[in-house]
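Enquirer: Read off the chains here:
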Amino acid sequence: NAGVMQNPRHLVRRRGQEARLRCSPMKGHSHVYWYRQLPEEGLKFMVYLQKENIIDESGMPKERFSAEFPKEGPSILRIQQVVRGDSAAYFCASSPRVNQPQHFGDGTRLSIL
Amino acid sequence: RKEVEQDPGPFNVPEGATVAFNCTYSNSASQSFFWYRQDCRKEPKLLMSVYSSGNEDGRFTAQLNRASQYISLLIRDSKLSDSATYLCVVNTLNTGFQKLVFGTGTRLLVSP
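For the protein sequence lines, the chains are A and B, in the order given. For the first sequence, position 107 matches number 107 in this note's numbering, and the numbering has no gaps at all. For the second sequence, position 101 matches number 101 in this note's numbering, and the numbering has no gaps at all.
If you are wondering where the hints come from, they were derived from the structure by calculation, not from laboratory data. In this text, all values refer to a predicted model and were calculated from it rather than measured experimentally. Ideal placement from N, C-alpha and C gives every residue a C-beta, glycine not left out. Misleading hints may appear alongside valid ones.
[Claimed, not checked] Restricting the straight-line Cα-Cα distance to at most 30 Å, the calculated cross-link-like pairs of lysine-lysine (DSBU-like) are:
hint, chain 1, residue 1, chain 2, residue 2
1, B, Lys-42, A, Lys-51
2, A, Lys-71, B, Lys-45
3, A, Lys-51, B, Lys-79
4, B, Lys-45, A, Lys-27
5, A, Lys-44, A, Lys-27
6, B, Lys-42, A, Lys-44
[Unchecked claim] From the derived model, a few chain B residues whose C-beta atoms are all more than 12 Å from chain A:
hint, residue
7, Thr-24
8, Lys-42
9, Gln-63
10, Gln-69
11, Leu-80
12, Thr-85
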C-alpha cells in the first residue's frame, strides 16, 4: 500500500517563475493537507482540501499561492512568481477521515535561485 | 508566544540512557496531541498519540497534563536509531478538522 506520494522531490526555480508541487494521497484517503517548513522552523499549516473543495486555507499567503484537489488526479500546490523567501520544504499529508492521524509524504524541497 | 513550545536541544545521551522531552501548548481548546519523529531532511512520522491517562509503546511513554497544558515523552534504553528530531504536535478540533500545530522540535543525539 503506497504511502503519500509527492513529486518532484527537489525543484529549482528562478525568481519570477512558477512552481507546481504534486501530492497523491494514500489509497482511500480523501483529506489532503499542505504544510511548509522553513529552514530551522517547525511545520506550518497552509491549506486543507477534500476532493474538489478547499475547506480551510487560513495558512496560505494571500497572494501567489493556490491549491486544488481535483476529482481526478493529485492535489496541486501552485506558487506563482516565486521569490527567494519561498525556498522551503513543502509537505503534503493525508488522512482517511477528518479526525484520523495524518500521514506525510517525503516532501518537495523548493529552491529559488 | 508560540502555540507549541519545545526545548530545541540538542540532547546528547549515551546508548541505554533514559531521556525525557517536554512540551507546552497555549491553546486550552486543543483536543488531541501527538509526538512525531523527523529524521534529517525527511518527512515527519507519527510516533504516538498522547492520551490523558498516559500511554506506552515499547520503550516510549507519553503523558499529557491538560491542567498545565504540558506534554511529555520519555524514551528508555535509548538506541542509536533513536537519533532524530522529536516534534510535539497539537490539534485543535474546534476548527472542524485536524489543524495540526507543530513545535519546532527537540533534537536527540544518541552516541555509542
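Enquirer: All hints are to be evaluated individually against the structure, with a verdict given for each.
Expert: Outcome of the hint check:
{"no.": "1", "hint": "B:Lys-42 - A:Lys-51", "result": "holds (27 Å)"}
{"no.": "2", "hint": "A:Lys-71 - B:Lys-45", "result": "holds (27 Å)"}
{"no.": "3", "hint": "A:Lys-51 - B:Lys-79", "result": "violated (41 Å)"}
{"no.": "4", "hint": "B:Lys-45 - A:Lys-27", "result": "holds (18 Å)"}
{"no.": "5", "hint": "A:Lys-44 - A:Lys-27", "result": "holds (25 Å)"}
{"no.": "6", "hint": "B:Lys-42 - A:Lys-44", "result": "holds (16 Å)"}
{"no.": "7", "hint": "Thr-24", "result": "holds (14 Å)"}
{"no.": "8", "hint": "Lys-42", "result": "violated (7 Å)"}
{"no.": "9", "hint": "Gln-63", "result": "holds (19 Å)"}
{"no.": "10", "hint": "Gln-69", "result": "holds (17 Å)"}
{"no.": "11", "hint": "Leu-80", "result": "holds (23 Å)"}
{"no.": "12", "hint": "Thr-85", "result": "violated (10 Å)"}
In summary, the numbered hints that this structure violates are 3, 8 and 12.
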